[in-house]
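Residue numbers (the numbering used here), protein chains in the order written: chain A, 261 to 717; chain B, 261 to 717; chain C, 261 to 717; chain D, 261 to 717.
Note that these hints are calculated values from the structure, not bench results.
On a predicted model such as this, the values are computed, not experimentally measured, just so you know.
We treat Cβ as the ideally placed atom computed from N, Cα and C, and that holds for glycine.
Do not rely on the hints blindly, as some may be mistaken.
Derived list of chain D stretches under chain C, where covered just means 3 residues or more per stretch with a C-beta under 8 Å from a C-beta of chain C [as the list claims (entries may be wrong)]:
#	segment
1	363-375
2	380-389
3	423-430
4	509-522
Protein chains: 4
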Amino acid sequence: MNTSFFGELLQAISERGRSLLDRARARERRDTLTETTENLADLCEELLSNRGEASGVALAREILARYDDLTIGPRIAFFEALATRFGADHTRINAAIEAWRNKPSDVAAAELHAATEPRRLELLRRLNLAPQATRTLVEMRGQLLDTLTRRDDLAAVDADFAYLFSTWFNRGFLVLRRIDWSTPAVILEKIIRYEAVHQIRDWVDLRARIDSPDRRCYAFFHPALVDEPLIFVEVALTREIPGAIAPILELKREPLDPERATTAVFYSISNCQRGLAGVTFGSFLIKQVVAEICREMPRLSTFVTLSPAPNFAGWLARQRTQPSPALTEADRAALATLDQQDWWSDEAALDEMREPMLRAAATYFMTARNSSGSPLDAVARFHLGNGARLERLNWPADLSERGRRQSCGLMVNYLYDLGDIEKNHEAYAESRAIIATSAIRKLARPSRALTTVEAAS
Amino acid sequence: MNTSFFGELLQAISERGRSLLDRARARERRDTLTETTENLADLCEELLSNRGEASGVALAREILARYDDLTIGPRIAFFEALATRFGADHTRINAAIEAWRNKPSDVAAAELHAATEPRRLELLRRLNLAPQATRTLVEMRGQLLDTLTRRDDLAAVDADFAYLFSTWFNRGFLVLRRIDWSTPAVILEKIIRYEAVHQIRDWVDLRARIDSPDRRCYAFFHPALVDEPLIFVEVALTREIPGAIAPILELKREPLDPERATTAVFYSISNCQRGLAGVTFGSFLIKQVVAEICREMPRLSTFVTLSPAPNFAGWLARQRTQPSPALTEADRAALATLDQQDWWSDEAALDEMREPMLRAAATYFMTARNSSGSPLDAVARFHLGNGARLERLNWPADLSERGRRQSCGLMVNYLYDLGDIEKNHEAYAESRAIIATSAIRKLARPSRALTTVEAAS
Amino acid sequence: MNTSFFGELLQAISERGRSLLDRARARERRDTLTETTENLADLCEELLSNRGEASGVALAREILARYDDLTIGPRIAFFEALATRFGADHTRINAAIEAWRNKPSDVAAAELHAATEPRRLELLRRLNLAPQATRTLVEMRGQLLDTLTRRDDLAAVDADFAYLFSTWFNRGFLVLRRIDWSTPAVILEKIIRYEAVHQIRDWVDLRARIDSPDRRCYAFFHPALVDEPLIFVEVALTREIPGAIAPILELKREPLDPERATTAVFYSISNCQRGLAGVTFGSFLIKQVVAEICREMPRLSTFVTLSPAPNFAGWLARQRTQPSPALTEADRAALATLDQQDWWSDEAALDEMREPMLRAAATYFMTARNSSGSPLDAVARFHLGNGARLERLNWPADLSERGRRQSCGLMVNYLYDLGDIEKNHEAYAESRAIIATSAIRKLARPSRALTTVEAAS
Amino acid sequence: MNTSFFGELLQAISERGRSLLDRARARERRDTLTETTENLADLCEELLSNRGEASGVALAREILARYDDLTIGPRIAFFEALATRFGADHTRINAAIEAWRNKPSDVAAAELHAATEPRRLELLRRLNLAPQATRTLVEMRGQLLDTLTRRDDLAAVDADFAYLFSTWFNRGFLVLRRIDWSTPAVILEKIIRYEAVHQIRDWVDLRARIDSPDRRCYAFFHPALVDEPLIFVEVALTREIPGAIAPILELKREPLDPERATTAVFYSISNCQRGLAGVTFGSFLIKQVVAEICREMPRLSTFVTLSPAPNFAGWLARQRTQPSPALTEADRAALATLDQQDWWSDEAALDEMREPMLRAAATYFMTARNSSGSPLDAVARFHLGNGARLERLNWPADLSERGRRQSCGLMVNYLYDLGDIEKNHEAYAESRAIIATSAIRKLARPSRALTTVEAAS
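Work out the full structure: start from the sequences and follow the hints.
Below, the structure is given as structure tokens:
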């Protein structure tokens, strides 16, 4: 009689998740039938056939359940079958080429397009008929990506997954949700697991990051993966741009009244679904979170990151061990301290290294490029590509094991100035221009003196 | 602090709808800028360019808002631009063909596939970044379909919409919802508007169909169109297979205790979104509703339709006015009564016509084919294609104006026998076999005596 | 696995409503047992006994279901039983009085309080164990109130209901909800039915009042009556204080952009549940809606009603037909037009009556009192008691049949000035002071010349 | 436009929780005003006055916020004020007694009832106007209960709280919710904190109890305390009646397929809100959970507890240290092992003690009574009072520190046989009959030989 319509709609979405146990049971039944299941690819052919139209849901469910039961070896065999048996039809391609050559028209181009579509694309679309299929397909691609490092021949299969997912996970279908202490545990557990930048040790650590008045966390969700965050960002509200990570992660700090905050610091962004690699969410997430925070706290004026420099340690090591104009001799000498054991716990040594380190870092950001001419630093590529500018270098800012190993303790702030984002992005997009404050530019050694191209990151 | 996570997730989805007023306001502002807006296509180029990456959401919103403001003429001009300016790149196609001819490989096929993808596909995907974009794009295609009847040259554009929508509206993303008296008015209003088979006159009529213990209504929804049903079906619970529509639509009937029902009658299926024409939902909807009802009322044993025969009246008129073996002379004479005014209100005449009419109907279903060899009757094609069988012919069953005009008063029952659906579907799919009860087969005149192919429906 | 916690919580609340059909079925079964059901009061005794503790839910459900089946006569007999069999225990009272006289202590007062509590109070609390019981109990009191007019002896029973409901429906448990076009039809249907001031003719009329950008509607709900509004208010957003109702109810008006509104007009407040008579919600509703609107539209500065004067027509008729200082002779003569047929359709006559009518109205509001010294006008008592002030008199403002019959076409604006509400309320509470603008005060004939006390309204 | 009505209704309820931060801020502001806040009781008088009607919400909020800021001493002073200043009016009581003596009527009884109602009851009802007030009032009574042990004079105040809460938290307003891994963390955290029987060590332990296919957890909630469970029960699904707690709490067990379960074991019931002491939920909870589980798993046939015997250790110690017919000399000797250190880790000793221990336990349950004639065992009183029967004694069943200290390692099963509950309850209610299996009855020493009355538990 009196129920919540849209609530039930979502209920219906989420109840799909309940089928896991049923699946477990179905599996047992299946186990008694294993001799007949050898050929998953044949079932896929069936799904693409007439019969697939009538009983598509059941067939798709069966295929995904069987795939789920496979060990790695047979899964790779399945990927091979996708590559070899479910590509495009060469005869049809050749005929379509002939037609195009006779008369290059829209119709001929469309037929050529259709003829070159690998059959596995339609197969993946039909597999999605099964309950929970999207989840399984995303996991399937995760597995495929793991395989890919050793198996170039599966690249085409991966490209088809990527293409399909970028259509399905179109930004227009994503939903931004705040993550806080009223979020279901099933989601929070994943936030703990997926945090990739600054590890969340346990539920106490988690709570400090999401349930404090001066902390925020937001994630993107897709309606078909309702209890799986796709990407999330952690935000600290502060009164100034922070220069180190430890005070932000400190469990015992005194929370700031958010009314007094002036600055939102994005100190961690983590992708959650390996199977969605290459489908970009990060840029949209940051911009929408900025909009969200602006609406809640109109007084906030500064949006900034506190980011690692993941390729800095490697670059610096190379400059120190080979002749390089990137370092003056004095700085090279000062940075030799890095070779001492436990250099990070010697306050005096840190003091002495600080200036040389900042000069090296400035030079790194302003001049080090990868083989395609983009900044060598992967995080810089992301934020500069989004239209942020390089605002400040901080050292020492992260002396954790990971911080030392990747970034020699360096962290940087990228500033999102809403008025400049578009202009910055265009400058970057056209010429890979590094937008940075003049302070940083001045610190850097002149780039014309440098070999600016590094090996691909 | 303590809010409902998934509830808010959906809230977030649905709040997108609130932007309508904002859009109206934005429009006013835009009006003062009209001289600079002449070229929507240029904005689309921008959205496909680098700048589109940085400010895609804003650009997409702007383009869709401007499109919304256009009158029909300029909209058609926009479709033309999509056809002519946003197709595939011929040079790239030719180069890809060259590469394929040199070495026909997966890589070459993939490049050929990419080269032949019209640029408007990526454009449509980027337009979907805007809030509420999916809704606008579906409406846009509705408009395009209206245009298409006079403009063959836009068929390729339409095919791209259709392809994209069949990916976005994949069955795996749809949600089945029951429609009842606790459904929001904004949805119910659309059920009234979209009912295509047996008109819903007003809210009283609606309530009789959704808020009676022996009635059900279900619809498919997509999370991005949260207050727009895609397709819905109306169901009556009865104790026997019904032979006429009027008792089902009767407002003053005594409702049946659903516990005593044995039969679920699907008496109306309506597609709601013209812009989603060609994306098939009906087959999935019927099967899922059968599953839903089975779960709620395990005692129900019979699932059947009460359907019109929309091509019967035309076919019968042709058999009556030209020499045809489909009618015996006696039946032809009896059916001449159809030429009398108000034949439908003469009980005695109806009695006399009944047997001849049923024979004609049986012959129609068993033998009349369209040019592609499928049943001439469009509804028969749908249900037989889903694996139902033709169960019973009913006459007179619908003497409404529409019922007489389309079906000469005939209605038929298609039976969904869960055990036979797959087998029936395969028989139909392979040979267009008409699965019907022996009673109907015997009634029909032998098909070998007949010209079985009719002009396309 | 992944469901909405709070959503389900409410789901659980609302599913209680589904039991109606079950109840209908149970009723059939019961019908075969009618001979054993004669004594509902005995079942009530059982519910109050030990057995009631073990199987209270089932017993309560049974009692309420049987009550539901009764016709009016037996229901009144049941109320009589509540009055006579379920009062307080006189022996216990006398003992408690003895104890108090011996030693007037807190403990003795508490025992006296307990001893004087009628047993029916505990009975009503236990009846509430049944699913949907609150709804049935509210309806039961509605019936009791109808009976009360002829049956003084049931007043004590009614007082117990009123006491219990004022505890259960404490303002702290009510929830304010906006009513709009996305509200479930089951609620909207009740808005149509319960509107008591300006009838809602149909769904089109309803939609104009709730789904226009310059209209709002809010209602209070109680979690135990989830699809039953308790009271609702309709609001129009305007640019000035309105002087007539017709333009507000007009279906074809051009909606005002709410951004441009300066004034919120409360033009209709309706109580929905007869059974909750005497439990006051109106004052809280108005204040919370003011707060709600302020938050949504901070620019709004004026909160005002457009209200009928339901006791004015009767008062005026008395002044006109008997010697009274309330009217000058000239005004009395002018107002004689009211005796002419169709006076309301004669523009010239209306013009001439306007000033005399406004003078009479001012005198009415400033001087006419009921026997307890409060304003004679029931609506004035409500709004002045809430701390509003009488702002403006409008004539002619409502020439509908009802408007003429009750108010002679008069409507008035009460202004809620947030800064003055408390002060106004205190002045009214202490001395029944009529807070009105000086314009109205000047219009009124001096009250010392008048008999200010009227018969009770 | 398109939002979820009931979802928002609950949203509105839950958003009340957000005000905590605001309250913290208000507190700061208040701190500067402390000199004017000394007299909370005066504000309470104001809330009960006329002014309280106009600005009740603001006043109530202010009073509760000030109370919240108080330390324990001033809070007790506030309770004293409630006791002394907000009792009933003696003059009015005496007048009402006079009226009753003159004419003992319903009206006179009602006036006597009203006269003896302490003013603090109305005060508490008005305090509930403030946002989140119910929560604060429940906490306030928790504090009061702590005080009560030393302050008999506050008992009347506590009785008023208890009376009011039993009306507000009427079973008819409670909502049963399943607790699982999709429950918000804010609730789960409280489940961990409130578990009173078998401590939940951490989130891993919690997950094992709520997110395993053979475990269930249910709680009652009240809409005004939406993120506070009132009481919860933990259930294990098993294939037999369990005889020990450790296997149930084991983290590493293999979960049972719930389809194969035959038995639902209620192994822990915890009340959550100290402030609701005396408002009984447990009986309703068990019965509704039984109904819920029956609906989900109709095959389940056995509903049983695994319960401690919290008064057994004390009783047994007394029987062992003083002459008592409850133990034979042989058993007394055997049980002397309990005096040895670490007796619980000596398998052989346990074996030898087993039979004597079970005989003692049977005697304990069948014969030991408190001063009011009820079973000495508090848990037995609860379950037997609900209509369960004592089914089996298990030893050793809980050798944890708490298990040994309270129950000497004993645990018992109470069986809820749906067909017998009502009969059992009546037998218990009338004569405190101990319903137990014959096996237990036979094990017990004959009660006529025993002093059956123990000191109050």
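Between the segment 380-389 of chain D and chain C, are there enough contacts, at least three residues with CB-CB distance under 8 Å, for the coverage claim to hold? holds (count 3)
At least three residues with a C-beta closer than 8 Å to a C-beta of chain C: is that true for the segment 509-522 of chain D? Result for this restraint: violated, n = 0.
Under 8 Å between beta-carbons, do enough residues of the segment 363-375 of chain D, three at least, approach chain C for the coverage claim to hold? holds (count 7)
Three residues minimum, CB to CB under 8 Å: does the segment 423-430 of chain D make the cut for coverage by chain C? Let me know. This one holds; 5 residues, not fewer than the three required, reach chain C with a Cβ under 8 Å.
Comparing the model with each numbered hint stated earlier shows that hint 4 is the single one that does not hold.
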